[in-house]
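Listed below are the residues making up each chain.
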Amino acid sequence: MAEILINARGMQCPGPIVQLFKEAQNCASGDILCIEVTDHGFKKDIAAWCRKTKNELISLEDEGGVIKARIKKN
Amino acid sequence: MGSEKVVIIGGVAAGTKAAAKAARENQDLEIVVLTMDRHVSYAGCGLPYYIGDVIREEKELLVKRPKDFRADFGIEVIIDTEAIKILPADKTVLAKDLNTGEKRSFAYDKLVLATGASPFIPPVEGAKLGNIITVRTVREATAVKKLLSERDIKDAVVVGGGMNGLEIAENLFLKGIKTTVVELAPHILPAHDADIALNVQKYLAEKGIRVLAGTAVKSFIDDGNGDVGAVAAGEELLKADLVVLSVGVRPNVNLARECGILLGSTGAIAVNEKMETNLNGIYAVGDRAENINLITDRHVWYPMGSTANKAGRIAGINLAATGAEDTMQGVLGTSVLKLFDLNIAKTGLSERDARALGYKVETVLVPAPDRAHYYPGSREIVTKLIVDRESRKVLGGQIFGEGVVDKPIDILVTAISFGATVDQLARLDLAYAPPFSTALGTTIVAANVMMNKLAGKFTGVGPLALKEKMAAGALLVDVRIDKEYFVRSIPGSINIPLRRLLERVDELDREKEIILNCKVGLRSYLALLKLKGLGFEKVSILEGGLVAYPFETE
Chain W
95 MAEILINARG
105 MQCPGPIVQL
115 FKEAQNCASG
125 DILCIEVTDH
135 GFKKDIAAWC
145 RKTKNELISL
155 EDEGGVIKAR
165 IKKN
Chain A
150 MGSEKVVIIG
160 GVAAGTKAAA
170 KAARENQDLE
180 IVVLTMDRHV
190 SYAGCGLPYY
200 IGDVIREEKE
210 LLVKRPKDFR
220 ADFGIEVIID
230 TEAIKILPAD
240 KTVLAKDLNT
250 GEKRSFAYDK
260 LVLATGASPF
270 IPPVEGAKLG
280 NIITVRTVRE
290 ATAVKKLLSE
300 RDIKDAVVVG
310 GGMNGLEIAE
320 NLFLKGIKTT
330 VVELAPHILP
340 AHDADIALNV
350 QKYLAEKGIR
360 VLAGTAVKSF
370 IDDGNGDVGA
380 VAAGEELLKA
390 DLVVLSVGVR
400 PNVNLARECG
410 ILLGSTGAIA
420 VNEKMETNLN
430 GIYAVGDRAE
440 NINLITDRHV
450 WYPMGSTANK
460 AGRIAGINLA
470 ATGAEDTMQG
480 VLGTSVLKLF
490 DLNIAKTGLS
500 ERDARALGYK
510 VETVLVPAPD
520 RAHYYPGSRE
530 IVTKLIVDRE
540 SRKVLGGQIF
550 GEGVVDKPID
560 ILVTAISFGA
570 TVDQLARLDL
580 AYAPPFSTAL
590 GTTIVAANVM
600 MNKLAGKFTG
610 VGPLALKEKM
620 AAGALLVDVR
630 IDKEYFVRSI
640 PGSINIPLRR
650 LLERVDELDR
660 EKEIILNCKV
670 GLRSYLALLK
680 LKGLGFEKVS
690 ILEGGLVAYP
700 FETE
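Order-wise, the sequence lines are chains W and A.
When we follow the numbering used here, the leftmost residue of the first sequence carries the number 95, and every step to the right adds one.
When we follow the numbering used here, the leftmost residue of the second sequence carries the number 150, and every step to the right adds one.
One should not assume that every hint holds.
Derived pair list, reagent style DSS-like, types lysine-lysine, alpha-carbon separation capped at 27 Å [claimed, not checked]: (1) Lys138(W) - Lys356(A); (2) Lys556(A) - Lys148(W); (3) Lys459(A) - Lys213(A); (4) Lys137(W) - Lys356(A); (5) Lys606(A) - Lys618(A); (6) Lys303(A) - Lys487(A); (7) Lys556(A) - Lys137(W).
To be clear, the hints were calculated from the coordinates, so they are not data collected in a lab.
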């Protein structure tokens with residue numbers, strides 16, 4: 095299973111979510127998507143996105159102001 | 150002539166500040182502070198954090214002990230002593246030792262009244278039950294801490310959703326107690342505007358604190374042992390083994406009124422700008438005295454630590470009678486508050502106050518990042534700016550968000566204090582580097598949006614008016630891209646992304662009112678310009694976008 099890192103730091107709306115949609119389309123079930131974002135509004139977005147797309151949010155952390163989310167593709 | 154005698158009644162913020170300043174100004178004064186409490190000069194505003202163990206020990210809250218006052222300033226602090234009568238004709242205060250009951254009189258040349266305010270106890274059945282408390286003094290806060298450590302408190306109800314009540318609720322919640330806030334007014338933070346307060350309410354609910362606004366407490370119910378067991382609030386029965394009453398304070402004015410000191414229209418003691426009452430040689434400061442609102446010039450009553458300290462210092466200078474004089478021109482009722490990671494600040498008039506006073510009010514609600522969006526730690530804050538359309542002067546501001554709010558509110562305080570217009574505010578040369586701000590800064594961005602609005606470049610619909618507008622047939626068009634819309638949207642809206650607006654414009658009925666929405670307001674403004682360019686007339690934008698939208702999204 096692959097682990098894909100998406101660097102969406104510095105991106106403002108809608109940048110991070112667009113990146114996530116794009117990468118999620120290209121990866122296989124069971125793959126791990128790691129996305130790093132500096133837009134804090136993304137914290138709410140990522141939870142809602144996972145819920146609606148039925149992907150699994152493994153972890154969501156704030157490391158020194160950078161939001162790091164790990165998602166398992168369904 | 151012997152040294153002048155100064156008696157100060159009250160020993161928390163304003164009283165001790167007046168005493169210390171007077172002593173520094175004039176070393177010949179003989180100063181006595183009388184206080185009913187055991188503690189003097191304590192950080193009353195720190196009490197919620199003491200309950201929450203952010204501040205662990207009582208001693209951390211005490212700024213100075215009575216013996217420090219004697220050693221540092223030669224001020225005599227007499228604790229556990231209640232002033233029971235003022236005799237202005239004899240220039241004497243009669244006081245009682247609360248431990249022994251012994252009475253003593255103190256002669257004064259100058260008298261300062263600084264006995265503060267007392268918590269209001271609502272006239273509700275069962276209010277005297279055990280474990281129903283107020284938190285105004287160190288003694289009370291220590292009692293709560295003791296209760297929390299000795300008993301297994303599971304459910305708490307905080308009555309009153311003002312700033313202090315919410316701080317206490319947060320700290321109880323962080324101790325693992327299920328906490329409900331009951332507020333009688335339609336929303337928590339009653340002094341703030343509803344569009345701001347409802348966002349705070351939503352945030353607290355997301356964190357896990359239940360808020361029942363617009364709800365009256367009907368009674369407190371005995372658990373069978375004389376302690377509170379439940380609270381009847383509205384139509385609900387809330388389980389509670391601890392109740393904190395935080396429904397505001399009332400100025401302690403009886404002592405003053407009985408001796409002929411006049412009260413103002415607010416019910417607090419009337420003072421002039423030198424902090425003098427109507428009686429010669431008697432000053433009043435702190436939570437029991439009135440203030441002047443800097444904008445309206447009207448008498449107001451803001452029981453705040455920041456104001457109390459300033460008033461105490463001014464009284465200290467004036468009563469020291471060294472020839473120097475100081476005056477208080479007025480205050481703005483500025484406040485700032487932290488709840489979990491959310492910061493909320495307010496200054497000047499609220500929109501509601503400004504409208505009630507007859508100003509031609511214009512407001513904007515503007516989200517913007519508190520520092521460069523790419524710099525780690527950057528957070529969105531929402532600025533509400535309130536301006537008088539005629540004079541263009543800034544009347545007030547309210548700010549909330551997880552970012553820095555105290556800097557921008559202090560910029561507004563400064564601007565309002567010097568009578569700035571929104572145009573002047575927009576041109577301030579504010580500090581900028583990515584870790585601190587954006588190139589313009591949130592305040593200037595908000596001022597620019599306001600200038601656009603005053604110039605008629607757009608009309609806005611506030612989030613509170615949206616539902617009514619939609620019920621009347623207005624169409625809410627979300628102009629973000631489909632992926633953002635998929636993640637979160639306002640119920641009843643349709644999605645036409647900004648970049649596809651021109652090709653899909655035929656989907657819009659020109660006769661209908663159209664309200665445009667995006668995340669912060671920028672794309673809806675661009676969409677508005679496009680639609681206006683195409684001849685649409687009834688177009689406006691949702692102020693503050695999704696970021697400032699205080700209701701449920703889907």
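Against the structure, the hints come out as follows:
{"no.": "1", "hint": "Lys138(W) - Lys356(A)", "verdict": "13 Å, holds"}
{"no.": "2", "hint": "Lys556(A) - Lys148(W)", "verdict": "41 Å, violated"}
{"no.": "3", "hint": "Lys459(A) - Lys213(A)", "verdict": "18 Å, holds"}
{"no.": "4", "hint": "Lys137(W) - Lys356(A)", "verdict": "14 Å, holds"}
{"no.": "5", "hint": "Lys606(A) - Lys618(A)", "verdict": "21 Å, holds"}
{"no.": "6", "hint": "Lys303(A) - Lys487(A)", "verdict": "24 Å, holds"}
{"no.": "7", "hint": "Lys556(A) - Lys137(W)", "verdict": "25 Å, holds"}
When each numbered hint is compared with the structure, a violation occurs for hint 2 only.
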